[in-house]
Amino acid sequence: MRESAPAPADAAPGPAARERWPVFVLSCHRSGSTLLREVLAPHPRLACAPESGFIAGLQPFLDYPQALAALGTLGWQPDRVIRELRAMVERLMARHMHPLGKERWVDTTPGYVRHTALIDRLFDGEVLYVLFVRHPLDCVHALHASVVPSTRHGDPEIARCARQFGVGRHAWAQYWSEVHTRLAAFAASCLERTVVIRYEDLLSAPADVLRSMLTAIGERCPADLIAHASVRTSRIGARRSAAGDRTAADPWRAWPAAEIRALWSTVERVAEPLGYRGEP
Amino acid sequence: MSGGGNGHDPNAVTRRDWPVFVLSSHRAGSTLLRYLLDSHDELTCAPESKFIAGLEELAACPRTLAAFAGLGITADDVFAEVRTFTERIMGGYAGAMSKRRWIDKTPNYYRLTPFLDRLFAGQVLYIVLARHPLDCIASLERFWTQGGDADPDLARNAERHGTSRYGWSRYWLDVYERLAAFAASVPDRCTTITYEALVRAPEPTLAAVLQFIGERHQPDLAVKAFRERHTIGYGDPSIERAARLDAERVGKWSAWPRGEVDVLWDSVEPVAVRFGYERPSHHQTA
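In order, the protein sequences belong to chains A and B.
Numbering-wise (numbering that gives the first Met the number 0), the first sequence opens with residue 0 and increments by one.
Numbering-wise (numbering that gives the first Met the number 0), the second sequence opens with residue 0 and increments by one.
Hints were generated in silico from the structure; no laboratory data involved.
Quick reminder that beta carbons are idealized off the backbone N, C-alpha and C, glycines included.
You may find that some hints are simply not true.
[What the hints assert, rightly or not] Taking CB as the label site, the calculated pair distances span:
#	chain 1	residue 1	chain 2	residue 2	range
1	B	149	A	264	45 to 51 Å
2	B	187	A	191	20 to 26 Å
3	B	237	A	62	28 to 34 Å
4	B	185	A	97	32 to 38 Å
[As the list claims (entries may be wrong)] Derived list of chain A stretches under chain B, where covered just means 3 residues or more per stretch with a C-beta under 8 Å from a C-beta of chain B:
#	region
5	53–59
6	69–81
7	90–103
8	170–184
[To be verified] Just a sample of chain B residues kept apart from chain A, beta carbon distances all over 12 Å, derived:
#	residue
9	50
10	52
11	262
Only chain B is shown next, with the shape it has when bound in the complex (with noise of 0.2 Å):
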């Protein structure tokens, strides 16, 4: 776990107010750290929202932004109204479930960082995610023929490398690359967990994660996750079966053949270990 969030920062208070975006790839887990922090009597991490995708197809585009320039309307004029779009709609949301603050978690924006960080003008804050690359690469492989496919992420890295194994493990390389390189960019507004953490310890790592945001920790939300309504949306819809953290969903890789784990492994150990992932030793294997 890594992140500047000490509880000491003089802008702790305009902090407390700035909306959280937690990054990550597919199915690291996001949508069970949605439920935790979405229980939060403060908080709601709503289902993925995907809109802001289309906003920077909007807002980025060099040839709007020129046609707004001819207009005297400056880049930054553009962003402003973007956010404040945004905001109505996410803080629109929180205000309808009756919650102070709001927290994104849709995986595709692990592109689009540049773009959220200059949306809010630095005053945002981001959890990234990370799960084990094989356990992650396992569940992409499932989740791929079971309507993933909609996505347009997954679609995209589907034409560009498959939907092998091999496939989804470039796609884990390429959205932990991204994410490590802007994780050390933003050093005082990131945090970085490990899914593993989670479901492991999930008391302290939600209590770090609460004091790096800025918000009170509250003990009961391993349980109030399980028991509390949530928004139906777009995430991993099989958590709506769980009753509980389930610590056992790590290590389904563990059954492949040893040359398959070398081989995936070597694609993406260069980022793993950047997470505090270790190559998998031989008895860990088939």
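Bound conformation, chain A alone (with noise of 0.2 Å):
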């Protein structure tokens, strides 16, 4: 009195063109993604989308006990369930990217440093990766300055940082290099789907990394976005040298020179092949 369900009609779009794959710009909190944004937000094919979220709630749909195995006895083997997800997830983006009159869609969410394995699984691998980095005790000082860390955080990433690493520029030191392993090693992994640009770079010489970056997802540069992106970073690079040394670019500089050296001890072996050094 048994048998099994036959698969049922697979009507889930095919492979897509690379230059049509999604972007997502992983990094830290606290790197400057919102800057990456912003400058990229007159792009005429990019929706830039604020940060996005709901990707990391389809991990617990796909944990939800039983729920895998259910659906293989309806005909939907889990390959199949994940490509009718990513057509959800297409459909959705798209009700935010055709009312601007965009086709491609870039996500900043930085949280979704630990879904990368999701994403990448969601899109069959068609999916390309912007590593976005900033300097580590550039960022922790920005994080300390501005994240009330919290064990009940709103932002999960930020509630178990806090619980895993506490608080202070040496939790956020840690939370930088854990993020950044991840980075690191998800990047090894599909190096002909990732770049990798640093906040620094784009603040000193941003025509040259939006060329570098939008080549490689196969994009072209327009003229008027170097345009806008060179007066929206310029803002911020005067802010930074306005008081005409280097801890007004670089705060923690001012730190006593004994944490610097203990906080970049936790930050270097990740952060010196990015090109950061750490001196006073």
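With the hints as a guide, dock the two chains, each given alone in a separate frame, to form the complex.
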């Protein structure tokens, strides 16, 4: 009296051309991804979304007890379910893009650092990544100055950081190190689909960085986009160098030398391959 | 039996395409009802789908909806897409079974009724299936030791109330308290039947259910259900050993001590009477 359900018809979309693949900007909190989003906003094809966050919610669905097994009995094996989820995500993002007249989406949610495996599986590898990094001590300074860590923080990633590492600059340094260790390992697994850019380079040479990044993701770089980026980044650069000394640009340089050394020892293994140095 | 389906609904054509959810506790006979409905020429009643509970975690999460709102995507947009996803899964299954319409019978969805109603924008019908609380408790007690502990909802109840008969009475109460309230809130889209009516009078009970959901009555379902093949999946596996409807699978609790029956009944009575069940008389127990 038993039989397995035959596989239902699969109407999920087939492979997409690389220049249509979504782009995920992966970064630590307070690395400047909002600036990157603002710089890319005028691009004629790219919808650079505010932090979407919802893709992380797919994991509890996939992990729900007995859900995938039950779907299997209905003829929906995990790969087919993933394709349907992808189609749903793409329809949702189309609802975001199309009113803006855009054709391709760029996501800048920092919390996705922990969900790269899910994202890559969801898009079956048809997805590109921008690793957006910032000097670790600069990032630690920004985190310490602007985020109040709590185990009950509304952002689950910040709450997890508080639980795991505690509070204070040393905790943020450990967080930075953990995030970038993950990112480095992930980038090494898909080098041909990943480009690394540094916040500091975006500020100092926005045209070069934008051309490099947009070429890597298969997009052209319009002149007016570079002009817009130059204006936007020069404002920040001017603020950072207004006082005319290095501590204005890099406030961490004013920290006690012993603390800088201690913090640097926490991050240097990951920071140095990214081209960062931690001398006071 | 109650419900508003009478065959004269002006929306009957539309309603005939709406999905149907059988809502019940575990061990209330939903697999039997599944086999009966699955034998209808137009209907497929799948094994327990379970995954919609996971979708609720995705779509009803305030943080998720806030993230979508930041993208200019409304909660209604989100629910529309999750509905499309669900209909592709369940509709795909129905298509593979060469049936026109799907019915879901996942017991755990008793917790999801507000979500289901929003997901389908009210275009959905419900069959509440009740079973005598003491029979249900007796079956739950056995089922827990035979694989029922893998079910997330039963595991949650076990953690909260334990796995004694009293613990399962709390589960029964929770399920049917919710279902009674829900059924009262959507009387035109929900009908209620009992397991006892289904096994003792299958013909009129099924006829009423089919009329309610807008389907043609087929008098041979009680026979076809045990002859046709049904998809393997989550549900009560013991039905595969059955050759016909068995009206004798009631009243096994009558061997329990009278004092225990009274205690259990006191626990469930306020809700049990709403489904037409009466306090067991002394001659029904040991």
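Hints versus structure:
1. With their beta carbons about 47 Å apart, residue 149 of chain B and residue 264 of chain A fall inside the hinted range of 45 to 51 Å.
2. For the pair residue 187 of chain B and residue 191 of chain A, the supplied restraint of 20 to 26 Å is violated, since their beta-carbon distance comes to about 58 Å.
3. Between residue 237 of chain B and residue 62 of chain A the CB atoms are about 30 Å apart, so this pair conforms to the stated range of 28 to 34 Å.
4. Distance hint check for residue 185 of chain B and residue 97 of chain A: the Cβ-Cβ separation is about 35 Å, which falls inside the suggested range of 32 to 38 Å.
5. Here's how the region 53–59 of chain A fares: 4 of its residues keep a CB closer than 8 Å to some CB of chain B, so the rule of at least three is met and the hint holds.
6. Residues of the region 69–81 of chain A lying with their CB closer than 8 Å to a CB of chain B number 7, which satisfies the three-residue condition for coverage.
7. Taking a C-beta to C-beta cut-off of 8 Å, the region 90–103 of chain A contributes 6 residues in contact with chain B, enough for the three needed, and the coverage statement holds.
8. Closer than 8 Å: that is the beta-carbon criterion, and the region 170–184 of chain A has 0 residues meeting it against chain B, so the requirement of 3 is violated.
9. The claim that residue 50 of chain B is not at the interface with chain A is violated, since a C-beta of that chain comes within 12 Å of its own (minimum 4 Å).
10. Not every C-beta of chain A lies more than 12 Å from that of residue 52 of chain B, the closest at about 6 Å, which undercuts listing it as non-interface.
11. For residue 262 of chain B, the non-interface assignment is confirmed: its Cβ lies about 32 Å from the closest Cβ of chain A, beyond the 12 Å cut-off.
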